[in-house]
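Just so you know, the protein sequences line up as chains A and B, in that order.
Here the numbering used here is used: the first residue of the first sequence is 1, the next is one more, and so on.
Here the numbering used here is used: the first residue of the second sequence is 1001, the next is one more, and so on.
These are calculated hints, taken from the structure and not from any lab test.
Possibly wrong hints are sitting among the right ones.
Said to hold, decoys possible - To list a few chain B residues with every Cβ distance to chain A over 12 angstroms, as calculated:
| hint | residue |
| --- | --- |
| 1 | K1031 |
| 2 | S1063 |
| 3 | L1065 |
| 4 | G1067 |
| 5 | G1071 |
| 6 | L1072 |
| 7 | T1073 |
| 8 | A1076 |
| 9 | I1077 |
| 10 | L1080 |
| 11 | I1081 |
| 12 | G1103 |
Said to hold, decoys possible - Here are some, though not all, of the chain A residues that point toward chain B, as calculated from beta-carbon distances under 10 angstroms:
| hint | residue |
| --- | --- |
| 13 | A17 |
| 14 | L56 |
| 15 | T65 |
| 16 | M67 |
| 17 | K68 |
| 18 | L84 |
| 19 | I117 |
| 20 | L135 |
| 21 | Q161 |
Quick caveat: nothing in here was measured; it's all calculated off a predicted structure.
Built from N, CA and C at the ideal position, the CB exists for glycine as well.
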Amino acid sequence: MKSIFVRYRMAILLACAGGVLTLIDPDTGCRAFALTGDNILEMLSFLPPIFILLGLLDVWVDRETMMKYMGEQAGLRGNILAFLLGSAAAGPLYAAFPMAGVMLKKQASMLNIFIFIGAWSTTKVPLIMFETATLGFRFMALRLLFNIAGIVIIAKILHIQARKMDLNVPAD
Amino acid sequence: MSAVILYAGTAILLIWSFRKDRQKTRQGLKKAWKAFENILPQFLFILLLIGFILAMLDETVISRLLGRQSGLTGMAIAALIGSVTLIPGFIAFPLAASLLAAGAGYGQIAMFLTTLMMVGIVTLPLEATYFGKRLAVARNVYAFIYAVVSSLILGALL
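Please model the entire structure based on the sequences and the hints provided.
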């Protein structure tokens, strides 16, 4: 096992740089650390359930099941399932990557993985309700329409690209 | 609200899992912890970096940059800020609403929000650990292009 210092070296370096910044410009430095603290608290508020779900997904859903529902052969049903799973999510996009990693390991298709990622990034239901409240229905509806089209287009292109690169089966 | 649902749903599944198979559940929790611990250094780095970026680029600066008559320059700046930063939705949407009220165009706002959601330069290394560098970069590039095109159209429509 690598030592903690090596693994966290980037974060430690950045924190030290922040310390220097705080000495030069206390206002900005303190604000940076306060914001980081807020972000860490926010992260801790939603990450535990996401990772527990990830662990449960890993032990309960075997490769065959994943392939059947979200694999290359799952077709439109798989696309819709991926879209719904992503839309039902909570938390920022970076929390979706580990989840997608598990799905990938269990042979979900690249198309569905990227539909899942796309839906997680832009069509999360709680976010849409909030967007309607702050920016109005018209803006939300148009953006949603555009983004759903974008999710599918981007996922299709990436799917083709991944197949060309033969990257569908990453190492465990 | 969504956090409550997330926690409740997870708790129900966890209890179900535990009743069905203790051994498997324990194994799943172990995997959850390992996955989390594996990625924690990168998470911390991202959160620190975001903290610094947002400390220098607070809401007043963003408002000034994306304000009234910022036009195409405003679009470019919106795309840049949206791609680099990572602002949670419950801050980004009210910010966008106040920007609109302050005279920013719908195009700029759509650009800011879409790149914010779809493109993540700060999280790119993290994404690359799961998808590989080439696919992760490709996804962000396509998302960026798409955000630009759709925001220009949306700006023209609204």
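Consistency of the hints with the structure:
The beta carbon of B/K1031 is not kept farther than 12 angstroms from every beta carbon of chain A, the shortest such distance being approximately 4 angstroms. Here B/S1063 stays apart from chain A, with its beta-carbon at least about 15 angstroms from theirs, past the 12 angstroms limit. The non-interface label for B/L1065 is consistent with chain A: the shortest C-beta to C-beta separation is roughly 17 angstroms, beyond 12 angstroms. In this structure B/G1067 is separated from chain A by more than 12 angstroms, as the shortest Cβ-Cβ distance comes to about 17 angstroms.
With 12 angstroms as the threshold on Cβ separation, the claim that B/G1071 sits away from chain A holds: the shortest Cβ distance comes to roughly 19 angstroms. A cut-off of 12 angstroms between C-beta atoms confirms that B/L1072 is not in contact with chain A; the least separation is 19 angstroms. Residue-level check passed: B/T1073 sits 22 angstroms from the nearest beta carbon of chain A, beyond 12 angstroms. Consistency note on B/A1076: stated as away from chain A, and its beta-carbon is indeed over 12 angstroms from all of that chain's, at 19 angstroms minimum.
The Cβ of B/I1077 lies farther than 12 angstroms from every Cβ of chain A, with a closest approach of about 19 angstroms, so its non-interface assignment holds. Interface exclusion of B/L1080 from chain A stands, the closest Cβ pair being 18 angstroms apart, more than 12 angstroms. Remark: the non-interface label on B/I1081 is consistent with the geometry, its nearest Cβ contact in chain A lying 15 angstroms away (cut-off 12 angstroms). Look at B/G1103: its CB is around 15 angstroms from the nearest CB on chain A, clear of 12 angstroms, so calling it non-interface holds up.
At its closest, the beta carbon of A/A17 sits 8 angstroms from a beta carbon of chain B; the interface hint therefore holds under the 10 angstroms criterion. Annotation: interface hint on A/L56 holds; nearest CB of chain B at approximately 5 angstroms, less than 10 angstroms. With its C-beta approaching chain B no nearer than about 14 angstroms, A/T65 sits outside the 10 angstroms limit, and its interface hint is violated. Checking A/M67 against chain B: minimum C-beta separation of about 19 angstroms lies over 10 angstroms; hint violated.
Because the beta carbon of A/K68 sits about 20 angstroms from the nearest beta carbon in chain B, more than 10 angstroms, this interface hint is broken. Of the supplied interface hints, the one on A/L84 is violated, with its beta-carbon coming no nearer than about 14 angstroms to a beta-carbon of chain B, more than 10 angstroms. Residue-level restraint check for A/I117 holds (minimum Cβ-Cβ distance to chain B is 7 angstroms; threshold 10 angstroms). Using the Cβ-Cβ criterion of 10 angstroms, the hint placing A/L135 at the interface with chain B is satisfied: the shortest such distance is roughly 6 angstroms.
A least Cβ separation of about 6 angstroms between A/Q161 and chain B falls short of the 10 angstroms threshold, and the interface hint therefore holds.
Consistency with the previously given hints fails for numbers 1, 15, 16, 17, 18, ordered from lowest to highest.
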